[in-house]
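Peer 1: Please build the complete structure, drawing on both the sequences and the hints.
Number of protein chains: 2
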Amino acid sequence: MKKHNFSAGPSILPQEVINQASKAIIELDKIGLSLIEISHRSKEFISIMEEATELVLKITGLENKGYKAIFVQGGASLQFLMTAYNLLEKKAAYINTGTWSVKAIKEAKILGDVIEVSSSKDKNFNYIPKDYIIPNDADYLHITTNNTIFGTQYKSFPDTPVSLIADMSSDIFSRKIDYSNFDLFYAGAQKNMGTAGVTLVVIKESILNKVTRNVPSMLNYKSYINAGSMSNTPPVFAVYTTLLNLRWIESQGGLEELDKRNKNKAELLYDEVDRNSCFSGFAAKEDRSYMNVIFTLIDDNLSTDFNNAWEDNYIVGLKGHRSVGGYRASIYNALPIESIELLIKCMQQFEEKFK
Amino acid sequence: MKKHNFSAGPSILPQEVINQASKAIIELDKIGLSLIEISHRSKEFISIMEEATELVLKITGLENKGYKAIFVQGGASLQFLMTAYNLLEKKAAYINTGTWSVKAIKEAKILGDVIEVSSSKDKNFNYIPKDYIIPNDADYLHITTNNTIFGTQYKSFPDTPVSLIADMSSDIFSRKIDYSNFDLFYAGAQKNMGTAGVTLVVIKESILNKVTRNVPSMLNYKSYINAGSMSNTPPVFAVYTTLLNLRWIESQGGLEELDKRNKNKAELLYDEVDRNSCFSGFAAKEDRSYMNVIFTLIDDNLSTDFNNAWEDNYIVGLKGHRSVGGYRASIYNALPIESIELLIKCMQQFEEKFK
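Chains as they are written, first to last, in the working numbering: chain V, 1 to 355; chain A, 1001 to 1355.
No lab work stands behind these hints: they were computed from the structure. Source: prediction; values computed, not measured. Mixed in with the good hints, there may be bad ones.
To be verified - Here are the computed lysine to any residue pairs in the SDA-like style, where the Cα-Cα straight-line distance is at most 25 Å:
hint	chain 1	residue 1	chain 2	residue 2
1	V	LYS43	A	THR1304
2	V	LYS23	A	ASP1287
3	V	LYS103	A	LEU1208
4	V	LYS30	A	LYS1023
5	V	LYS103	A	THR1212
6	V	LYS176	V	ILE59
7	V	LYS30	V	LYS2
8	A	LYS1109	A	LEU1057
9	A	LYS1002	V	GLU54
10	V	LYS2	A	SER1022
As the list claims (entries may be wrong) - Now the stretches of chain A that chain V is said to cover, found in silico as 3 or more residues with beta-carbon under 8 Å:
hint	stretch
11	1017-1025
12	1032-1046
13	1209-1223
14	1229-1238
15	1312-1323
16	1344-1352
All C-beta atoms, glycine included, are put in the ideal place defined by N, C-alpha and C.
Peer 2: And the structure:
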């Protein structure tokens, strides 16, 4: 029996994506070979890479606007370094909204000055800072649009005099936003995009070639753009799974439809967190993430009982991150509303029993 | 109908590995979830990572000898940079045996002085250099054990006063050698190890921590060792496929048995290349690779006819690399002897018809 998967990432993917990916491992499109046995220079794989790249720009509304989409390995963590390597000449501005921002700042500091223009550390990152001054002479401003661990999310984006750069690992493709606000955004695949092992980077090409350092080939955005993400062997399976997922996003009605569904799912769950006398929400209400719903038990002595309640209902992945404790319901694109309804039912029955 | 796959990489994998990988995409070990949907911090995935790491050391005979095995993203190409980042303090020695050595040298030059102690460029890299002096004060000597493009392979390894570092991307796990000759070796997975998207690095831990530069987290071997290759989300599917392949290697009798099979396959094919009046071998005989057999047509006007001959027999991936031309038969671990026999039959029938 398939479980209800609230994992934070790697996380649930659409069942049809999983089925198609599994089939392609045996044989890709009746070519007599497995997806993972063919050359990345074959016409079959080149067409996979090209379609994935085109779909990214189409879905984000960035076609013909000077942007390029590339696929890189190493996760968002390598992007913490690559963004700085390619763009940080003297100093860069960062807003610190938690663990992933902290890591991005740490890597950037190796290559230049970092100005932390604001931080929500004073309240264990339970909100998104709103007041800050961005230096006009910074090379860029870096933000983390959704904070998986703390369950906060930017609902509007900084009005900035410099390039806006974003780590969108946990909310890319989950909502209808104006992606042209950003000169560069990146995302590890393992939430809303595909399977772990590939990272999407979308770049406004005109911001490149401004740093004076010698950027190593595998860290250089330009070399990925020039080689169509194939200067060396790309992570074939992860790119293919991403393509399947991008096709699925289109088939569902694109970001407009997913935006509606995700808001609806999140609001149902937050309403229950607020209503239920046994639980309390973690993030500031106006900054609550539509992807990661963080809540805690008011009486921590009941945690074994609540854990048993959801585990008995075939729910997995609900344990909170150690930095916050409590529970984290990650409710990405592929999570069906039925899983949300089941979790709410568990919470209600739990309240009945223990209030 | 399954084709005979002579691709250079990504390349043929054992059919049982492909079947198991496909099945795990649907559901891993009856846990009610797909392999690609579970947390990398789950007990299931931690056990996959640990078993893979242990099997690498067991198969290479490096258990309890101070070595660590880690899994990294970015391919061998990122290792060209990482080896230098972690080990090159002042100067390093490189032997240049072709395209991949050239790329390794290029990245290392960003971080320090590179001494090219020898090169086979004078003969389009068709041999392995044998005479050279390795500076006593070099930080390491770097070699490429098998040259996929030029079909050459080290049959014995340099006797060196400094650490020996090797790119083994295209011949790792293909033969019985003394892996303790090397202080560090690495390999992209997509030949004898698994699917594209993961790179194995095996390191003698005592050689680390000698450079004074600040090594970024995602380029730092130490951070991978300390976090069991999970400082960030690893490429889950590629690691799992590698584990399946390592289990397969063990089940076949380990490197001793694969060494025998691979030599036998290679010798059969080289014997035909030498015997057949229509073809000629590319690499110097004593340096011929047991993994990539490079040969050319003596009369290039017959190339369409020969291409038709093998294509009609459901053979794929035989076209040579543009640097050499002609043909390249990549005959990795998983290629069955039947595919070799079929290719030899094609070559014999071709000779009958056109000599």
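Peer 1: Please go over all the hints and tell whether each is borne out by the structure.
Peer 2: Now for the hints, and whether the structure bears them out:
{"no.": "1", "hint": "V:LYS43 <-> A:THR1304", "result": "20 Å, holds"}
{"no.": "2", "hint": "V:LYS23 <-> A:ASP1287", "result": "40 Å, violated"}
{"no.": "3", "hint": "V:LYS103 <-> A:LEU1208", "result": "23 Å, holds"}
{"no.": "4", "hint": "V:LYS30 <-> A:LYS1023", "result": "18 Å, holds"}
{"no.": "5", "hint": "V:LYS103 <-> A:THR1212", "result": "21 Å, holds"}
{"no.": "6", "hint": "V:LYS176 <-> V:ILE59", "result": "10 Å, holds"}
{"no.": "7", "hint": "V:LYS30 <-> V:LYS2", "result": "29 Å, violated"}
{"no.": "8", "hint": "A:LYS1109 <-> A:LEU1057", "result": "31 Å, violated"}
{"no.": "9", "hint": "A:LYS1002 <-> V:GLU54", "result": "31 Å, violated"}
{"no.": "10", "hint": "V:LYS2 <-> A:SER1022", "result": "17 Å, holds"}
{"no.": "11", "hint": "1017-1025", "result": "holds (count 6)"}
{"no.": "12", "hint": "1032-1046", "result": "holds (count 8)"}
{"no.": "13", "hint": "1209-1223", "result": "holds (count 5)"}
{"no.": "14", "hint": "1229-1238", "result": "holds (count 8)"}
{"no.": "15", "hint": "1312-1323", "result": "holds (count 3)"}
{"no.": "16", "hint": "1344-1352", "result": "violated (count 0)"}
Of the numbered hints given earlier, the model fails hints 2, 7, 8, 9, 16; all others are met.
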